[in-house]
Amino acid sequence: MKQTIEKAITGVLQELEVANVPFTVEHPADIAHGDYASNVALIAAKQLGKNPREVAEEIVAKLEGFEVSIAGPGFINFNLPRDFFAQKVSESVEQKEQWGTHDALTGKTYFVEYTDPNPFKEFHIGHLFTNSVGESLSRLVQFAGADTKRLCYQGDVGMHVANAVWGMQQMSLTPESSFTARDLGKAYALGATAYKGEDEVVKTAIKALNKKIYERTDEEVNALYDKGREVSLAYFQTIYEMVGTDFDDYFFESEAGPKGKELVLDHPDTFVDGDGAKVFKGEEYGLHTRVFLNSEGLPTYEAKELALAKMKEDRLGASDHSIISTANEITEYFKVLKKAMSFVYPELEAKTEHIGHGTVRLTTGKMSSRTGDVIAAIDFVEEITDTAQARIKEATPELGEDRQLAQQIALGAIKYATLKGNILQDTVFDKEEALSFEGASGPYLQYTHARICSVLKKAAEAGVTPAAEVLPGQPYTIERLLYRFQEVAREAVEDRAPHKVAQYLTELAGAFNTFYAQEKIADATDSNASYKALVAQSVAQTLKNGLWLLGIEAPERM
RNA sequence: GCUCCCGUAGUUUAAUGGAUAAAACCUCGGUUUGCGGUACCGGAACUCCAGGUUCGACUCCUGGCGGGAGCACCA
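Residue 230 in the working numbering is what sits at position 230 of the first sequence, and the numbering runs on without skipping anything.
Heads up, a few of these hints could be off.
[Claimed, not checked] Mimicking PhoX-like on lysine-lysine, the simulated pairs with C-alpha atoms at most 20 Å apart in a straight line are:
# : residue 1 : residue 2
1 : LYS335    : LYS281
2 : LYS2      : LYS46
3 : LYS339    : LYS351
4 : LYS457    : LYS520
5 : LYS338    : LYS351
6 : LYS211    : LYS196
7 : LYS227    : LYS211
No lab work stands behind these hints: they were computed from the structure.
Turn these sequences into a full structure, and let the hints guide you.
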């Protein structure tokens, strides 16, 4: 539709013999202004040396087949025909889960790497938030038609692991003993604190342990390490299932390490000596110099990441684009990494994109992953699930024991709070606000969806069948929003902006609730009831698909 | 000190250079016995400062001020 309008305007401009007018056609900020608006007259007026409103009138006189009006300083507003909306409403219901999908990335293969927790350490709320962002980005590219590969890169070697294994030894954990991921978290905290302390003997011991783990030279250490890794990864898997992420493949630092080292040594022109280490001179490109191999010859994050890019293609085949989504602490490193990669793997570098998102803070203060003083994602979700369940019990007693439902709502609250704003910015997670279940929140969207499911059931009982046979003369306001869903999905993926979906859904839900307050749907005596039911069904489908893009479930009752 | 990101109602967030800066929380005042009031309607309230570019600036440029992240062997 937008293209049709643009084409019509271009035609008129040719008639008026004006060229190179970079006009836009977009939705006006206020829906009352029309469905589309163009600033063409304002731009063209400059070239023509005329008053914008005058130019607008000339253009409008030549535009055929549209209901248009001139407003403000010279905007041309377009109102779409009634049938257009009815057709879109019908389409949305027919297309079901396909509604809103588009072809922006059809035929492309996209890798999306995210979450990236470290085995032996706690999976904390930071991982939960970064997972929400990555999962939504994955779903956005998938919705755009891309063959989407979800990837997870986990740091199973390095000093943090050495700290944890040292702690395991102190706690007398053995490969035969049964211990949990939580015990590992304690072990890590123990080791990390000890390493930071003054005791040089301990430091030396942990460093030696790190080397042993990396080289796998000590059977006893290997056994303890392997068991710890297994426990930790199994624990992560339960979390991925809980949040609804299904990774296609997992990569580990233990694999990337040796390959990274080899890669660095194979490119002596790119990675040069610096204080006994191998470094990349980022300064020559306005960046920082980074160490790729430390003075002990061990690969750093940067070297591993370099190898990882190649490993992904080796295992999953070639991609057209590779997204790596992390918190923005990594952003600067990644710039250097990309530069270095442009010498080693220029073709991979060209399609690698790092998306550094802001961090989420709790209203109670900042969390830290270094001190061991972290909030476990599991605990966080449990706590919010408890509150959600209490709320359900109050409102819908018969669903009060449904723990799974409570968890869906808790995750909806968390994910919405994470994705409601621009992901580049830091956000604050206010538990009370996210759980208020009112206004702009995940549960509000879920509630609206459930409410529609309920009213449609009532309508069916009353003998109202959703259909587009009898149409009210004027489209309902909500119809003017419904057809935009696909455009929103497209913009959101192009801008890497899940918040555009969140924002849209909130507006849609609000408009529906207004519609619902004004119009009775389950009333067979109303000649418009069938169409109203169809509109309601369309809203439910749109909410469901939109929530899916945010990684949020849409229960039918709550 | 240098680099990058960011400063919008009391609070949390929106706004491809466009119309009266938009929602939600909070607050104040209301809602037709009509389908889920976890809803709806209305009021009050905002662009850090100073310049510049533009018909038009929250948006772009310059300089301040304030916050976050990073600045060589952690990731």
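Output the numbers, in ascending order, of every earlier hint that fails for this structure.
Violated hint: only 2; rest satisfied.
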